[in-house]
Amino acid sequence: GAGVSQSPSNKVTEKGKDVELRCDPISGHTALYWYRQRLGQGLEFLIYFQGNSAPDKSGLPSDRFSAERTGESVSTLTIQRTQQEDSAVYLCASSLGATTGVGYTFGSGTRLTVV
Amino acid sequence: KQEVTQIPAALSVPEGENLVLNCSFTDSAIYNLQWFRQDPGKGLTSLLLIQSSQREQTSGRLNASLDKSSGRSTLYIAASQPGDSATYLCAVKDFNKFYFGSGTKLNVKP
Numbered sequence: 214g215a216g217v218s219q220s221p222s223n224k225v226t227e228k229g230k231d232v233e234l235r236c237d238p239i240s241g242h243t244a245l246y247w248y249r250q251r252l253g254q255g256l257e258f259l260i261y262f263q264g265n266s267a268p269d270k271s272g273l274p275s276d277r278f279s280a281e282r283t284g285e286s287v288s289t290l291t292i293q294r295t296q297q298e299d300s301a302v303y304l305c306a307s308s309l310g311a312t313t314g315v316g317y318t319f320g321s322g323t324r325l326t327v328v
Numbered sequence: 006k007q008e009v010t011q012i013p014a015a016l017s018v019p020e021g022e023n024l025v026l027n028c029s030f031t032d033s034a035i036y037n038l039q040w041f042r043q044d045p046g047k048g049l050t051s052l053l054l055i056q057s058s059q060r061e062q063t064s065g066r067l068n069a070s071l072d073k074s075s076g077r078s079t080l081y082i083a084a085s086q087p088g089d090s091a092t093y094l095c096a097v098k099d100f101n102k103f104y105f106g107s108g109t110k111l112n113v114k115p
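In the order they appear, the protein sequences are chains F and U. 214 is the number of the first residue of the first sequence in this note's numbering; add one for each residue after it. 6 is the number of the first residue of the second sequence in this note's numbering; add one for each residue after it.
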């Protein structure tokens, strides 16, 4: 597609429920990133995928968070047993490669509210 | 761990003013530094990218400088316009991820 597409754009869920967030990167972009942005704060790195290499999961805040990506296609971020502190905007970005700063395109994000 | 700080957190100026946004980072071993703009409800738009070997980059009314040794970058906006109102984010990159500051929320009044 023309840009990075994220769905849903908004999600309200009850505490304790599981949620899945989806990111559809730009075709041909081998690198894909997930970030989290809490209200009034900067972006926190969550996870990074580069082609078929093992993902860098160093930013995942707990084992309730997981993400998958098959090849260079869609990625899903799953949050299990959601907590109120998980409320944030989750942003996905993709890039032609990981070692260059050019070509990073961000999606519009999924705003997650846990009530 | 890399820490990125942006000051001021918010800035309100009348149209036409020249202004400077500041970014500092704690680890000078960066790959590059990038300034982004974030509009409400939208994703991030890349404004300027400075490679670690460069000192500055310019695009239109925007000029960004980088002093790696002191861990500082500035974004200079000339002749500000109401359309410049947004949150400006600074991000430094190690090999494979960005570390972001909390942003400067800019309001340019007509």
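No lab work stands behind these hints, which were simulated from the structure alone. Hints may be right or wrong, so weigh each one.
Distance windows between CB atoms, simulated [what the hints assert, rightly or not]: (1) F/R251 - U/I12: 17 to 27 Å; (2) F/L309 - U/D44: 21 to 31 Å; (3) U/T63 - F/T326: 36 to 46 Å; (4) U/K114 - F/S275: 41 to 51 Å; (5) U/N27 - F/Q293: 14 to 24 Å; (6) U/G46 - F/S240: 39 to 49 Å; (7) U/Q56 - F/G264: 19 to 29 Å; (8) F/S220 - U/F100: 40 to 50 Å; (9) F/T291 - U/R66: 36 to 46 Å; (10) U/D44 - F/S220: 18 to 28 Å; (11) U/D72 - F/Q296: 18 to 28 Å; (12) U/S57 - F/G216: 20 to 30 Å; (13) F/G310 - U/K47: 40 to 50 Å; (14) U/R66 - F/V225: 17 to 27 Å.
The calculated EDC-like cross-link candidates involving lysine to aspartate or glutamate, where the alpha carbons are at most 20 Å apart (straight line), are [claimed, not checked]: (15) F/K270 - U/D99; (16) U/K47 - F/D269; (17) F/K228 - F/E285; (18) U/K6 - U/D89; (19) U/K47 - F/D276; (20) U/K6 - F/D269; (21) U/K73 - U/D99; (22) F/K230 - F/E285; (23) U/K6 - F/E257; (24) U/K110 - F/E257; (25) F/K270 - F/E227; (26) F/K224 - F/D269; (27) F/K270 - F/E285; (28) F/K270 - U/E8; (29) F/K230 - F/D276.
Note that CB positions come from ideal geometry on N, CA and C, so glycine has one too.
Verification of the hints:
For the pair F/R251 and U/I12, the beta carbons lie near 19 Å from each other, so the given range of 17 to 27 Å is met. Our hint of 21 to 31 Å for F/L309 and U/D44 holds, since their Cβ atoms are close to 24 Å apart. In this structure, U/T63 and F/T326 meet the distance hint of 36 to 46 Å, their C-beta atoms being roughly 40 Å apart. Taking 41 to 51 Å as the suggested C-beta distance range, the pair U/K114 and F/S275 conforms, at roughly 43 Å.
Between U/N27 and F/Q293 the beta carbon distance is about 39 Å. The supplied range of 14 to 24 Å is therefore violated. In this structure, U/G46 and F/S240 break the distance hint of 39 to 49 Å, their C-beta atoms being roughly 25 Å apart. Checked against the hint of 19 to 29 Å, the C-beta distance between U/Q56 and F/G264 comes to roughly 23 Å, which is consistent with it. In this structure the supplied range 40 to 50 Å is violated for F/S220 paired with U/F100, their Cβ-Cβ distance being about 30 Å.
Hint check: F/T291 to U/R66, Cβ distance near 42 Å, so the stated range 36 to 46 Å holds. About 20 Å separates the C-beta atoms of U/D44 and F/S220, a value consistent with the hinted range of 18 to 28 Å. The hinted range of 18 to 28 Å is not satisfied by U/D72 and F/Q296, whose Cβ atoms lie roughly 40 Å apart. For U/S57 and F/G216, the Cβ-Cβ distance of about 28 Å falls inside the hinted range of 20 to 30 Å, so the restraint holds.
The hint said 40 to 50 Å for the Cβ distance between F/G310 and U/K47, and at roughly 24 Å that hint is violated. Between U/R66 and F/V225 the Cβ separation comes to about 40 Å, which falls outside the hinted range of 17 to 27 Å. Restraint check: the Cα-Cα separation between F/K270 and U/D99 comes to about 15 Å, which is no more than 20 Å; the hinted pair holds. A C-alpha spacing of about 26 Å is found between U/K47 and F/D269, which places the hinted pair above 20 Å, so the restraint is violated.
Using a Cα cut-off of 20 Å, the hinted pair F/K228 and F/E285 is violated, with the two alpha carbons roughly 32 Å apart. For the proposed pair U/K6 and U/D89, the alpha carbon gap of about 32 Å is over 20 Å, so the pair is violated. Only pairs whose Cα atoms come within 20 Å are accepted, and U/K47 paired with F/D276 is rejected, the gap being roughly 29 Å. The hinted pair formed by U/K6 and F/D269 meets the criterion: a straight-line CA distance of about 16 Å does not exceed 20 Å.
A threshold of 20 Å between alpha carbons decides the hint, and for U/K73 with U/D99 the separation of about 13 Å falls inside it, so the pair holds. With a C-alpha separation of about 29 Å, the suggested pair F/K230 and F/E285 falls outside the 20 Å cut-off, and the hint is violated. For the hint linking U/K6 to F/E257, the alpha-carbon distance of about 12 Å falls within 20 Å, and the restraint holds. Taking the CA atoms of U/K110 and F/E257, the gap is near 18 Å; set against the 20 Å cutoff, the hint holds.
Of the pairs offered as hints, the one joining F/K270 and F/E227 is violated, with about 26 Å between alpha carbons and a cut-off of 20 Å exceeded. Between the alpha carbons of F/K224 and F/D269 the distance comes to roughly 26 Å, so the proposed pair goes past 20 Å and is violated. A hinted pair counts as satisfied when its Cα atoms are at most 20 Å apart, and F/K270 with F/E285 qualifies at roughly 17 Å. A threshold of 20 Å between alpha carbons decides the hint, and for F/K270 with U/E8 the separation of about 19 Å falls inside it, so the pair holds.
Among the hinted pairs, F/K230 with F/D276 is consistent with the structure: their alpha-carbon atoms are about 15 Å apart, no more than 20 Å.
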